[in-house]
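Student: Sequence:
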Amino acid sequence: MNDAPFSRRFAALFLDLIIVASLLCGIVYLLEYYSIFSITVRFSRGESTAYLQVYVFYICFYFIYELLSTLLLRATPGKILANIETEFPGELFIARSILRSFLKTLTIALAPIGIPVSLIFGLSQSSGVVHDAICKSQVTNETRCPRLFGILIFALSVSCFIVFYLHFQVYFFDFRSLKMPTLY
202 MNDAPFSRRF AALFLDLIIV ASLLCGIVYL LEYYSIFSIT VRFSRGESTA YLQVYVFYIC
262 FYFIYELLST LLLRATPGKI LANIETEFPG ELFIARSILR SFLKTLTIAL APIGIPVSLI
322 FGLSQSSGVV HDAICKSQVT NETRCPRLFG ILIFALSVSC FIVFYLHFQV YFFDFRSLKM
382 PTLY
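The numbers in my numbering rise by one with no breaks, and the one at position 27 of the sequence shown is 228.
Read the hints as simulated data drawn from the structure, not as lab findings.
Since the model is a prediction, treat every value here as computed from it, not as a measurement.
Please note that the accuracy of each hint is not assured.
Stated by the list, open to error - The calculated SDA-like cross-link candidates involving lysine to any residue, where the alpha carbons are at most 25 angstroms apart (straight line), are: (1) K337 - G291; (2) K337 - I299; (3) K337 - L324; (4) K337 - I265; (5) K337 - F322; (6) K337 - N284; (7) K337 - F207; (8) K337 - L272; (9) K337 - F362.
With the sequences and hints as input, model every part of the structure.
Tutor: Given below as structure tokens:
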């Protein structure tokens, strides 16, 4: 088993953050469309409670995303696209997956503190970052899941973001309001 280099792990994390944010945009769109939960207008106005709600919603959704994809595929779609996978040698796969997902989500939630600490720990240890060392897991250079699955999830998340943007563009940033020279 080869440990995956940090460049691939960082690329996978970056792709996962984009995928989760885009899927979350799709969920928020559906919740607002069916009048279940309305937050977009309050968020665009700059209400601090709306910021906190979106942050908590994002962190909870990231935990579910990380946990389900690790349990079902042993890799998140970002890891699949980066061609890496999480290995859990030994027993207690489910318990260690839950703990690893929780610790990784905590690292993401406390990003200004958690990510530098994880990088420093990962560069000084041979076992990877903090959540890998605690859970005795390894991120390897190869994945058993087909890359097409990762591409499909990424395409789904991009389409969710496009639908969200087309519906709520007036609240955030409308490109039509820019003073740009046009042909018309």
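Student: Give a verdict on every hint.
Tutor: The hints, checked one at a time:
Distance restraint check for K337 and G291: the Cα-Cα separation of roughly 9 angstroms lies within the 25 angstroms cut-off, and the hinted pair is therefore satisfied. For the hint linking K337 to I299, the alpha-carbon distance of about 13 angstroms falls within 25 angstroms, and the restraint holds. Distance restraint check for K337 and L324: the Cα-Cα separation of roughly 16 angstroms lies within the 25 angstroms cut-off, and the hinted pair is therefore satisfied. Of the supplied pair hints, the one linking K337 and I265 holds, its CA atoms being roughly 21 angstroms apart against a limit of 25 angstroms.
Between K337 and F322 the alpha-carbon distance is near 14 angstroms, which keeps this suggested pair within the 25 angstroms criterion. Between the alpha carbons of K337 and N284 the distance comes to roughly 20 angstroms, so the proposed pair stays at or under 25 angstroms and holds. Between K337 and F207 the CA atoms are separated by roughly 17 angstroms; this keeps the pair inside 25 angstroms, and the hint holds. About 16 angstroms separates the Cα atoms of K337 and L272, which keeps this hinted pair within 25 angstroms; it holds.
The straight-line distance between the Cα atoms of K337 and F362 is roughly 35 angstroms, outside the 25 angstroms bound, and the hint therefore fails.
Hint compliance for this structure: hint 9 alone is broken.
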